[in-house]
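Residues per chain, in single letters:
2 protein chains.
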Amino acid sequence: MIEYYDISGCYIVRPWAMSIWEIMQTFFDAEIKQMKIKNCYFPLFVSSGVLQKEKDHIEGFAPEVAWVTKSGESELEMPIAIRPTSETIMHPYFSKWIRGHRDLPLRLNQWCNIVRWEFSNPTPFIRSREILWQEGHTAFATKEEADTEVLEILELYRRIYEEFLAVPVIKGKKSEHEKFAGGLYTTTVEAFVPNTGRGVQGATSHCLGQNFAKMFEINFENEKGEKTIGVMVMVHGDDKGLVLPPKVASVQVIVIPVPYKGADMQGIFDACAATVKSLNEVGIRAEADLRENYSPGWKYSHWEMKGVPLRIEIGPKDFANNQVRAVRRDNAVKIDIPMADMVEKVKDMLDNIQQSLFDGAKQKRDACIQVVHTWEEFVEALGQKKMILAPWCDDEEVEKDVKARTKGDIGAAKSLCSPFNQPELPEGTLCFASGKPAKTWTYWGRSY
Amino acid sequence: MIEYYDISGCYIVRPWAMSIWEIMQTFFDAEIKQMKIKNCYFPLFVSSGVLQKEKDHIEGFAPEVAWVTKSGESELEMPIAIRPTSETIMHPYFSKWIRGHRDLPLRLNQWCNIVRWEFSNPTPFIRSREILWQEGHTAFATKEEADTEVLEILELYRRIYEEFLAVPVIKGKKSEHEKFAGGLYTTTVEAFVPNTGRGVQGATSHCLGQNFAKMFEINFENEKGEKTIGVMVMVHGDDKGLVLPPKVASVQVIVIPVPYKGADMQGIFDACAATVKSLNEVGIRAEADLRENYSPGWKYSHWEMKGVPLRIEIGPKDFANNQVRAVRRDNAVKIDIPMADMVEKVKDMLDNIQQSLFDGAKQKRDACIQVVHTWEEFVEALGQKKMILAPWCDDEEVEKDVKARTKGDIGAAKSLCSPFNQPELPEGTLCFASGKPAKTWTYWGRSY
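Protein chains in written order, with this note's numbering: chain A, 1 to 448; chain B, 1 to 448.
So here's chain A without its partners, still in its complex pose:
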């Protein structure tokens, strides 16, 4: 998927990972175009004057900004920053282009790279210094339109996680402490990695409110595009390697001939090619691995490691019986399929794999959710690496206090989101942390 690079915190995205990114990109791009959001491209560079204009906003990024100070042998007159995000780059042009209500709504998006020179230990996919992502910036005449679009975009992000990556997420609202600085409110899809017991902020869609006179703005970004792939890897991977959901696998079906002494190898090879052709014709991404210098066993391990959802083997017995053997990557179940039903059966199996990866992940995630009511229960659940659902007073100071009290080597607990889908909150329920009256159920945990 990735290759380490000689500059720390930078990684090479190899084709296997890139194709996953492209599949998500194709889906999201088509959907936002339907919503009349148009793509554009703003520069990589931002002058220090512009960058520092929005003080609140830039404070968080300042320590991580990479500065260009030289070109060739010459010092630049003024250092120039590489974008850590593009709000400060784009907003001045929004003001310029929007003269009045008839220029609204303005809906722009860009696919680009951003740079955040983090010093905490970089991790491929999860924390890298150069990030491929998408950032949308739109402006409306009314708050109602802005609110609607915030949720429409959030739904697209949910679909990317749940329908494509088979990773269950919880939709909700960020706390005041965790929201986009300077914005009105932030919505999020939150994933959870059971193995490590950590939450992941999947993607966020923000309502910025009226930053400029008479114009409601929203922003949305798939919080570090490559991170999305990292979450999928962590949620579905196993000892043998990756497990790719069929919808994002660039090879959904790998067809492998199984040679046998004295067998009709040409016949078997032809059957493999014909199988690939039939599958391709209905839009299934299938390939045959006909290389002669690798054994079937080597090929099995190779494609298992790469996470291909379904393997089809064709050996002399299959060939003689006019059937193929199909082996699922996710649960190792093997079945023999008559050639006549092959395409239909493979289609069903792929749908089934997609669904069962999601169901399995949801089951595991749900098993990690722990409802707590008291600080003691909270601390215990945190120790057990749970995703904690707790009644909360929604007070920013209390959240800061929770962070301070749980600070440790593996990071502090923080609020993940208040789910839109709220359980009942009986009158008189108290906040797990402050003992004050609770206002909302909120998820808490350690997070990437």
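Take these hints with a grain of salt, some might be off.
Pairs involving identical chains hold if they fit within one copy or between any two copies, as the list cannot separate such chains.
[Stated by the list, open to error] Computed cross-link-like contacts, DMTMM-like style, restricted to lysine to aspartate or glutamate with a CA-CA straight-line distance of at most 25 Å: (1) Lys334 <-> Glu427; (2) Lys414 <-> Asp401; (3) Lys38 <-> Asp6; (4) Lys403 <-> Asp103; (5) Lys385 <-> Glu396; (6) Lys33 <-> Glu304; (7) Lys240 <-> Asp409; (8) Lys403 <-> Asp270; (9) Lys345 <-> Asp270; (10) Lys143 <-> Asp270; (11) Lys38 <-> Glu22; (12) Lys36 <-> Glu22; (13) Lys334 <-> Asp103; (14) Lys36 <-> Glu304; (15) Lys277 <-> Asp318; (16) Lys347 <-> Asp289; (17) Lys53 <-> Glu75; (18) Lys414 <-> Glu155; (19) Lys277 <-> Glu31; (20) Lys53 <-> Asp238; (21) Lys36 <-> Glu3; (22) Lys70 <-> Asp6; (23) Lys345 <-> Asp29; (24) Lys400 <-> Asp336; (25) Lys385 <-> Asp318; (26) Lys53 <-> Glu162; (27) Lys345 <-> Glu163; (28) Lys364 <-> Glu424.
None of these hints come from the bench; they were simulated from the model.
Given the coordinates of chain A, assemble chain B onto it according to the supplied hints.
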């Protein structure tokens, strides 16, 4: 199309230009995937050690390299360069990944931004400091395979220019002096801008030869992606603004209602919407401009300036006669079309506009081609801003000499390419510049 930005040499690519880039990208990307070239993404950054490894290669870029020396407030231990191109970044990994012939061919491509901090005056689309482009890097076991792929890619570039942008190009080979430094040979598609009398190197496909033991490499890049759009603008634009070839226009047909006192405006608006719907259904990118606060005349100018290939007007008379009026952007021809034939006729007109833009551009370009045999004829033709075809001895020293002798305020003449399609070269023909025996016909001119 673009907006100036507060950092000199950087531009904002607005949606109208971005969509042209995306259309070309979609075409090229699908075609190279058919050729089994896979997309990947290498880092934006390169360490100075790696950058300087290929001395010959980097010499040309060194003065234009942007250097990151600081992150936040800290000086980096070693300055890090922003890629001016990715050969030095990618080649070490090719060596690592290719262990033997069974790992070949390796075919990678990336869509990315590169930075060249040029100091000559920046020009939108033609010379900018950050460039969006595509760069392909592939490796083969044999030179024959490499040669074949060089030409297959060059043909794709020709199609982008001729079939999409309606800009005629000449396919050929670069001289030793102009080829990719360190490579075996460079092929190119060369465009020409009649108004300014300058050639444009459209895109290049290089055979690098055996850089590493037993492996033949090729590179290809659409020489500064955005430049491609700039050439199209210069070739087709007129006094009223852009003229977009239908194939790259994000809006191919703009439908405009023409209100008239007492007319059935609702009926006309509905007819506009119905027209757009019928066109969209057959895949034509049509939109209606139903804004009430702009006059039809304002809308005509607006969409003419934006270069939309075909305008459809629907006024009371058209509505009563169940017809529309279609007006071509390229030649202002107006025709009335009965609603019953509308979709078919519009399709034909768009094809016709595409073809006639190409034919017109080719005619103008051809009229600029001047065959010369002597230095005097050469100098005269250069003064007349011609694209010059001359018999040449193919000697690198002679080319340097031609450059030196034609150096002026507006740049020196250089060889553009030796066309694959060579005119007859009779025995005894002499080089226009050296008087030595000519070996090839070559195009010369000033170039962007």
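- [ ] Could you work out which earlier hints the structure fails to respect and list their numbers in ascending sequence?
- [x] 1, 4, 7, 8, 10, 13, 20, 23, 24, 25, 26
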